[in-house]
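**Student:** Protein chains in written order, with my numbering: chain F, 4 to 132; chain U, 4 to 132; chain G, 4 to 132; chain Z, 4 to 132; chain L, 4 to 132; chain S, 4 to 132.
Since the list gives no way to pick one copy over another, a pair counts as held whenever it fits inside one copy or between any two copies.
Below, in silico cross-link-like pairs of lysine-lysine (DSBU-like), each with a Cα-Cα straight-line distance of 30 Å or less: (1) 60 to 124; (2) 80 to 60; (3) 129 to 93; (4) 60 to 16; (5) 11 to 60; (6) 124 to 14; (7) 129 to 16; (8) 93 to 16; (9) 80 to 129; (10) 124 to 93; (11) 80 to 11; (12) 124 to 80; (13) 16 to 124; (14) 93 to 14; (15) 60 to 93; (16) 14 to 129; (17) 129 to 11.
No wet-lab data here; the hints were simulated from the structure.
Number of protein chains: 6
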Amino acid sequence: MDEETLLKAGKAKHEEIFGEHALAWRERFSGINQDAVDYLMKYCFGAYYTRPGLDLKTRELCTVTALAVLARWPQLKSHIGGALRVGATKEEITEVLLQMENYAGWPITLTGLEVASEAFKAWDEKQQQ
Amino acid sequence: MDEETLLKAGKAKHEEIFGEHALAWRERFSGINQDAVDYLMKYCFGAYYTRPGLDLKTRELCTVTALAVLARWPQLKSHIGGALRVGATKEEITEVLLQMENYAGWPITLTGLEVASEAFKAWDEKQQQ
Amino acid sequence: MDEETLLKAGKAKHEEIFGEHALAWRERFSGINQDAVDYLMKYCFGAYYTRPGLDLKTRELCTVTALAVLARWPQLKSHIGGALRVGATKEEITEVLLQMENYAGWPITLTGLEVASEAFKAWDEKQQQ
Amino acid sequence: MDEETLLKAGKAKHEEIFGEHALAWRERFSGINQDAVDYLMKYCFGAYYTRPGLDLKTRELCTVTALAVLARWPQLKSHIGGALRVGATKEEITEVLLQMENYAGWPITLTGLEVASEAFKAWDEKQQQ
Amino acid sequence: MDEETLLKAGKAKHEEIFGEHALAWRERFSGINQDAVDYLMKYCFGAYYTRPGLDLKTRELCTVTALAVLARWPQLKSHIGGALRVGATKEEITEVLLQMENYAGWPITLTGLEVASEAFKAWDEKQQQ
Amino acid sequence: MDEETLLKAGKAKHEEIFGEHALAWRERFSGINQDAVDYLMKYCFGAYYTRPGLDLKTRELCTVTALAVLARWPQLKSHIGGALRVGATKEEITEVLLQMENYAGWPITLTGLEVASEAFKAWDEKQQQ
Chain F
4 MDEETLLKAG
14 KAKHEEIFGE
24 HALAWRERFS
34 GINQDAVDYL
44 MKYCFGAYYT
54 RPGLDLKTRE
64 LCTVTALAVL
74 ARWPQLKSHI
84 GGALRVGATK
94 EEITEVLLQM
104 ENYAGWPITL
114 TGLEVASEAF
124 KAWDEKQQQ
Chain U
4 MDEETLLKAG
14 KAKHEEIFGE
24 HALAWRERFS
34 GINQDAVDYL
44 MKYCFGAYYT
54 RPGLDLKTRE
64 LCTVTALAVL
74 ARWPQLKSHI
84 GGALRVGATK
94 EEITEVLLQM
104 ENYAGWPITL
114 TGLEVASEAF
124 KAWDEKQQQ
Chain G
4 MDEETLLKAG
14 KAKHEEIFGE
24 HALAWRERFS
34 GINQDAVDYL
44 MKYCFGAYYT
54 RPGLDLKTRE
64 LCTVTALAVL
74 ARWPQLKSHI
84 GGALRVGATK
94 EEITEVLLQM
104 ENYAGWPITL
114 TGLEVASEAF
124 KAWDEKQQQ
Chain Z
4 MDEETLLKAG
14 KAKHEEIFGE
24 HALAWRERFS
34 GINQDAVDYL
44 MKYCFGAYYT
54 RPGLDLKTRE
64 LCTVTALAVL
74 ARWPQLKSHI
84 GGALRVGATK
94 EEITEVLLQM
104 ENYAGWPITL
114 TGLEVASEAF
124 KAWDEKQQQ
Chain L
4 MDEETLLKAG
14 KAKHEEIFGE
24 HALAWRERFS
34 GINQDAVDYL
44 MKYCFGAYYT
54 RPGLDLKTRE
64 LCTVTALAVL
74 ARWPQLKSHI
84 GGALRVGATK
94 EEITEVLLQM
104 ENYAGWPITL
114 TGLEVASEAF
124 KAWDEKQQQ
Chain S
4 MDEETLLKAG
14 KAKHEEIFGE
24 HALAWRERFS
34 GINQDAVDYL
44 MKYCFGAYYT
54 RPGLDLKTRE
64 LCTVTALAVL
74 ARWPQLKSHI
84 GGALRVGATK
94 EEITEVLLQM
104 ENYAGWPITL
114 TGLEVASEAF
124 KAWDEKQQQ
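Next comes chain F alone, as it looks inside the complex:
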């Protein structure tokens, strides 16, 4: 596979997960660093997210888990939207954040649920349009 194919596959997967936000983010971040955008599309979304062996919904729930326990809040908010878009339910996302109390403590679960609450609200508002 050449790099151009990888870039294309990555962008398609990026859009499948983040919907309309994908293009807006890429346009904004290209103004900060074009290489980062290209590498993210190729070497993250193109190389990993397109792999078989784990369905996209589970992949996003595991990503939500990692972003929560590592306290990466802005990325957690985006990927909660992504998880919903690829078929996870609010209840499943909430369960993941509650479950993480056992592995990362209460502050992660509580801040995680506050972030989820904002992401859920944004999701609902868009569904009603």
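Let chain F serve as the given structure and place chains U, G, Z, L and S on it in line with the hints.
**Tutor:** Same frame as chain F, now just chains U, G, Z, L and S:
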């Protein structure tokens, strides 16, 4: 629900996930701290793992994710065994660890895969008995 | 002990530590996730904070330590208020944050002291009412 | 205060906390890096541990807290010995490690208690001599 | 060396790295905690930054690395300004942040680049005055 | 660029940094997970390490910094060898580890120096052959 019921439910779930290792661990750790064992059974396995809203296999894959990105290696090894026992495949666990390169970096993925390799070997040996 | 008793004991301890903020927080967070509030009351404040073996002031100073070195800033601010309420002095809290330079580095100590400065100001304002 | 006084004060405090292990450690580590030993004595034990405002026992319990939640296991083991030497009880140390489940999750508490168990055993053996 | 000399050397190094921001920060933070300011000048900038064996530009690039992978965002922003002041280029700083994807994951690189973008803008504005 | 070229470039860079250890590691790890080896060669060493904008020695010193402050000890040991191979001196590596006390605390510096001591010994032994 009273505490006795919670303890019982937690122990049952602990055994469902870890099989024969559950009792051996509890017996050993009771010699270190009985309260920790009781709290873990009641307030972790009894209170969280018995909740509906997330199937046990996905719950274990998210737990494997958290333990990997936080570099909790001994617990990662145990829960990889647990994930296999509740129906995850080796391929799914390997995918989770590869996917985590993007959120926690290469050392987590590489050490995670080494730990998984040991856990897979132990699992295979027991299956052949 | 049944769960109802644990919940009640947890709520009482929560109020002992956070004063009037306890009820306001619980009311607000119940709108986000009622289970998280109940679990926090039962399995954190009811199960751990009521234990003998460590006086409440030392327990809060250790909690302040953990929240600082893990960079959990919103929770650090709340628990600095809690530490003051259960008898810790501003000097003791400041010492803990200085001491942590040795175990978590200067950014933790400096941001920790900024958070403490805000928490101290809020505390002083309420004392003057 | 000149640096020589700081060094002397730091060494005295180091010995007060770690007893006979202090000299053995300094001798061993001097073979690795003499500057690190001198800086640790002056700028850690001399500058911070000699401060008033927090009694040495509480200071060590907070240090134990930080080392546990940051998963610094070898240093945790040493400082549990230090905490015992300056007057903390095994029960207080155990309580700190249990309490930390709420802020850093079960793997920290469980591995922390295993480390404490070894440190307690070493302490008991030396007391019986 | 006496402590006064160390303090003076530390302040000079602090100003070499942060320029006009050094004095403004010290004045502001003295209102929060004077001891922290003095210790930072003596035991961080005076004791470590004045050491030979690593040129100041490389020292700052390593500091930028550490602040990024540990997610210490406000300090990262300051030290990116510092790195530029002591001779690092924007390209070198950007490379460090891209390189860190491999060791700490995408959220660190992306948030790091956003922080750098702000620091670069502030730097450019001041150069044009 | 096609993936085959990226793989080749990555392997060459891997060998430039780790010398004879590169092939031994790749052979061993291929037995654990071939995809991880290929991805590491392509998307880490091929994509990032070959970039201009940061000389290889500085890139390795920043990598050593990240691995130390994140407590990734086995990888730290390997990359200290790598840093030496691409031109860093023992003194520079030691300075980086001392400098990190200020950003990640004493346990990181002390364990980091112990790891460096082992890596230096292995390096010296190989030089004498």
